[in-house]
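Engineer: Single-letter residue listing:
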Amino acid sequence: MIEIRNCLKVYDQNNIVLDYANLSIKAGEMVAIIGESGVGKSTLLNIIGTVDKMDEGKYFFDNKEISKYKNKAIAQFRTKNIGFVFQLYYLIPQLTVYENLDIPLNYAKIPLKLRDEMILNVLKQLSVEHLKNKNVDNLSGGEKQRVAIARALINQPKVIIADEPTGNLDNKNTINIMKLFHNINKEGTTIIIVTHDLEIAGQCQKVYEIINGKIIERNLN
Amino acid sequence: MRTILTIIGLSIGTIVFLIGSTIVDSLKMNMIEKIDEFPDNIIIYQDISSNSFAYLSKMDHNETITPYNKVKVSDNIFIKNTQYIINYDITGTSNNFVNSGVPGSGEIPFSQINYLSGRVWSKKESEEKQLVVVISKYTAELLFPGKNPLEQFLLIPGIGRFKVIGIVNDLKEFAVQKDFPTKENNRLNLPDADVYIPYTTFIKIVNEKEIDLEYGDNIQFVVQKNRYADKITEAIKKSDFQFELSQLNNNYTRNKILLTINEDLQSFNIIFVSIYTLSIILCGFIVMNTMFFSIKERFHEIGIRQAIGANKSDILIQFLYECGVYNFLAVVLGVSVMIFLVSVFKIVLINHFIIYLSIQSIFIVFLVSFLQSFIFGLIPAIYATKIDIIEALKFE
Ligand SMILES: Nc1ncnc2c1ncn2[C@@H]1O[C@H](COP(=O)(O)OP(=O)(O)OP(=O)(O)O)[C@@H](O)[C@H]1O
Ligand SMILES: [Mg+2]
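Residue numbers (the working numbering), protein chains in the order written: chain A, 1 to 221; chain U, 222 to 617.
Just chain U, same shape as in the assembly (with noise of 0.2 Å):
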């Protein structure tokens, strides 16, 4: 009875970690979760001089750069009566990377590209070939005048709904200023249409629907209100980290706020390994008692068991060992709770917040309550060891 009772004293113990850990691991997991759908606000560009491709890149330039794909597209479009008549790149990117085909480029020493709104693709729009477009700011003037373009769809007939997810600066506007002839067309002084998607989106679109990107005439883009257009936005105000999106877009970069979420989930996980420290030496001294008692209980026992061959090593190894096995199954009872309760919250919360148990804290909880039970059984396995055999043989 008092063996069960300290088990389920252990399993608490055990059980109050892994609620500490799966709550932080948890909010690690919701926020990171969040934060990727965040810009990468720092647009470097690289200039790659042996071709006139400029490179716009995302944090990360010691990436391979894939190569990337360029095409031409024009359309008509009407705006209040007129027609427009716009030539634009689509430019395809590898997956952390903005291959951006600039008009002239090749004789334009171009620095920086800068973000005016909006982000970059995520590594896994990237990866699951989302299709995400990053639009300059003058096709966003023609195509979406008077709306925030973002969170907006670009239709392109046969191809897709892409999802406009950030705006750049006019690259064109930058090579005007510094007196360079642009190419000639239609357009005379106004900027190139510039449209950016992801290069494995590209590739996908090439292979998979064989289409000859040599647009011609009329293509149409219909603009369409995104339903979950807020939903980031809600999904930030929600969040324990209260800043203001044009604030995110200015000074947050997401590796940034992820160390800023690192450094408050770190202070968090202070406070709970304390309380388990702390737990861990209660329990110790709940087993250290229980061991005693069991000793005691058995005074007699192990006066029989060295008369029956037991020296001190295999008195000590037994003590030991009775104490490792209440303390795995105490982890055993605590993990499988944990396990059950995980899976009811997963089911019950299920879409609104990520529960994450991880395995490294179950393997922490084992190898603890092993050193545990080691440490804080050794005391009473030594004085089990040191009961003098004549006395233990006496009867009661």
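Isolated chain A (complex conformation) (with noise of 0.2 Å):
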């Protein structure tokens, strides 16, 4: 379903973070990306989720080539097809969870009617209807990492990619979030995970990891 060929990712001229290098995933997988700091799994997961840009190089998700798209249709492309999941969760601060949940439905111009259903059926998959109301500074770690993926979820995108999602969390949250990426990929999302965690990286079906801008898989095990 992804398909990235020959990316080349140049920073400050001469810091070459991707080296022409090439990932193929699949529709259904459960990845994980991982790789030393400043290595470019940041970059790389940018790249897929087209808010960055490769300087040489294509990229096909479904077949389509998404490098040749403008960035209107890029940006509808986004809204569609990916959700965003963040280290520091990301929420929009001092509004509730439900209106966190509601923004994206916004920007996708679902109607208001189907809105509430929507909210609430993906807040009962997360078990957080509770906090529906609730403002989410007022959230724990756990808690808000559940409302970002929740958001995520929401537009009922192709592929989530997460940066680092459990690396604020304690052990038993991180358990607990990586039992719901299960549950989602099960139900046939694709995820891919930045990590350096290699507990969590070996909890999924493949893994890659980035080496002098080429992105090799690896067998852990």
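These are calculated hints, taken from the structure and not from any lab test.
Positions of the beta carbon are idealized from the N, C-alpha and C atoms, including for glycine.
Honestly, I wouldn't trust all of these hints.
Here are the simulated DSSO-like pairs of lysine-lysine, each with C-alpha atoms no more than 27 Å apart in a straight line [said to hold, decoys possible]: (1) A:158 <-> U:615; (2) A:158 <-> U:533; (3) U:607 <-> A:68; (4) A:80 <-> U:368.
Away from chain A, derived, C-beta distances all over 12 Å, residues of chain U [stated by the list, open to error]: (5) 225; (6) 240; (7) 248; (8) 363; (9) 489; (10) 524; (11) 556; (12) 566; (13) 574; (14) 584; (15) 589.
Combine the two chains into a complex, taking the hints into account.
Structural biologist: Structural data, given as structure tokens:
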């Protein structure tokens, strides 16, 4: 489903982060991307999430060449297909959980009538219904990440990309969040997780490591 | 907090404008109110040749003339032990016109009737069927010998007290000068005693009292001092427009004065409009500043919003909308404060000064603030759309 070919990404003219790298991810896979700090994991994820662009190379999604799209079409593509989960949750402050989930629906121009049901469904799926009317600033880290995942899921994207989603969580919460990702993955959503925690990487079907600008498949066992 | 201060700042701008426009409008209203009591000095005489009536018109002779009614009144009065028997005409008039029935006018080619002093009734007086009367010079000399008849009252028993507001020349003098023989009556060479009342008033008397106005004898006229007599004179003296009343009678017409006032207020207006424009620009920069701060503060949020599906136009609209909401709140606040102030002043200044907050200026304030938020909000909003999503998504 995701096909990245000969991806070159250079910063500051000589910092080659991705050096004609290739990556291929099938629909329904749960994939981990590992690597040392500063190696380019976030950069790769951003390229997959279409918030960043490569300097050279091609990006295919469901056999469509996204790298040819114009800005507006890319934004549309992103809204429809990609859900983001961040290490620091990135909920919109001062709003309630419900309002945070309503925002992506609004951007996706979902009719008002349908929204309530969609929000309730996703909250149920992640067992955070009881937080519905809480201000997101008053949630614990684990709760915030659940809400963030709910937000990523709400427009039913094909892919969820998560940059160190458990980086700020304790063990118990990490286990719970990973359980959630497994459940979501079982229902058919492709999941790409950036992590430096090998235990988490080990739970994924495939593990890729970035070394010297190349993407190499790893077998952790 | 900054938002609240901005809103207060913006609303002060609104209030400044509204105070200015209220002062201008109120001054104007007060002037007009006073001027409405001034004479319409120029009386144009129109000869309608098809009948024998003369028409005294008030400025505008394009208006339709209501058919006049005419009643003959005779009475005896005693002045210095001498009995005078007077026949005079009460002539009905339309709203803005005096229809003067003049003896023998069928044969007399009148060209002009002059107002000697005072004025013809105002539109308001006519419409409200007030008891005001314009009398001829001869009538005045007979009834108010040695006195200024203006603002005095003619009391007609069973009809009412008529306030004398104007004096016109004797039309018969004109006829005599021209060697036209006048109607044979007991006054011989004396002019007719002409009395003019508004047509509307006349109709009211006839309808409501059903009085047969063919008076015979012994109608007594009581001359009373009018307690409001000097009110207008005082008002004029107090106002900014200093001129002699006599000068007013000779050289000014209501329209002329209105024009002068408008000119004066115009320059006033220009000052306020320029202050307002300055304050708009100032407020505009306040708006811009606040918006830039708000965008800086929410730099991160803008990235998040784009990651969860906002495109550039969503971001643009969001910030324009926010800016619009600030402005709207500011204007609502400003207008409410003004409405409150105006109602307080209305109570304090009741009967002294008309305070007038026009709907027009409130409308202008809303319109301008809408445009302002658009124009000054646009630059920050565009800046927000230019924020690089990757940069914005980095942790701080
Ligand atoms: N906007 C930028 N301008 C210049 N260099 C950048 C920029 N963004 C990233 N880089 C560089 O690109 C390289 C890869 O960064 P990236 O954030 O992808 O690393 P990472 O693997 O996610 O690291 P970490 O594990 O610390 O999150 C780093 O050397 C970084 O300095
Ligand atoms: Mg990273």
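Engineer: Give me the numbers of the hints this structure contradicts, sorted from smallest to largest.
Structural biologist: Hints 4, 10 not satisfied by this model.
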